[in-house]
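Let the hints inform the model, and build the full structure from the sequences given.
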Amino acid sequence: MMAVMLDPSRWFIIVNPVSGGGRARRRWPQLAAALARHGVEHDAEVTSSAGHAVQLAQQAIASGHRRLMALGGDGSFNELVNGLFAQQEVPLEKLLAAVAPLGTGNDWAHAMQVPDDPELLAKAMARGRTRRVDLGIAEVPAVAGNAARRLAFHNNAGAGINAQALRLTPRGGPRALAYPIGLARALLRYKAPQFEVSIDGRLRSGRYLIALAANGHYYGAGMRLAPGAQIDDGFFDLVLIETMSIMGALRRLPKLFNGKLATDPAVHLVRCRSVTIRATPACGVEIDGQDFGSTPVTLTLRPGALNVLDCRPS
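Numbering-wise (the working numbering), the sequence shown opens with residue 1 and increments by one.
Hints were generated in silico from the structure; no laboratory data involved.
Keep in mind the model is a prediction, meaning the values are calculated, not measured.
Treat the hints with care, as some may be off.
[As the list claims (entries may be wrong)] Within a straight-line C-alpha distance of at most 30 Å, the following computed BS3-like cross-link-like pairs (lysine-lysine) qualify: (1) K260 <-> K191; (2) K94 <-> K123; (3) K255 <-> K191.
[Unchecked claim] Cβ pair distances, simulated, as ranges: (4) P281 <-> H38: 48 to 58 Å; (5) Q194 <-> E93: 37 to 47 Å; (6) K260 <-> Q88: 14 to 24 Å; (7) R149 <-> P8: 29 to 39 Å.
In this text, a Cβ means the ideal position worked out from N, Cα and C, and glycines have one as well.
In structure tokens:
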């Protein structure tokens, strides 16, 4: 069936009303008003549950939309990207994805210089300038009766203490402190498994706090876990952090924010395009701030696969 074609400049906006503790819901009328001032035609839908944005994106593409935006954080944008990735009607490179950074972390948007000011964002949408960036694919095989899973990710994915921190992150309170609190809780409980990591076919093993493939250089609401990572350089920056005492980990926490973690002798950075992570015992996997089950997991980069709104100043 031939896909319907609307005005190619018309946007479809997916609003996550709970993102950022309700910030996305509160700020949406301001963005809608700014879009009207800049003559940006759009349709919008509000999500009602986790995963709903994936369905809405697929339905929007089937109805003819080619420009899609998520109003929310990294999790909301991940769902939008997976809606684009999963559909079969339109090649991925012919679609334009964007995010209005109104979630808790907004790490990818920070790296992409996406403004949270409605007026500036509306100007960028009216201009419609595009940029090609890399896309990650995470695959978990069928294990012990669980079905195989395959999802795209735009910012980072990995296994270890990051997944445990996600599960221990408080749902209430100041959002800027949520993930650091979860990480501090995880440090008190985490027991590093024995990892086997295949990096572009080369095997590396050890006990690690985390094995994480970074596409963007921000993580966990502003942490700079992989400060050299570039979202369009065709490579992951794989971060392996050796196990250490709780006090040793706490002393290093400032380095997560000032970009100096990469210089620490307990931290290993490897540029690669594919990594398979196994752990004994199995440990949790996280992609773009979302729980993705347990190891083993294979992460593969697709250079320049995603077409996104370029918000960088001219």
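Practice task
Against the earlier hints, flag every one the structure doesn't satisfy and list their numbers going up.
Solution key: As far as the earlier hints go, only 6 is violated by this structure.
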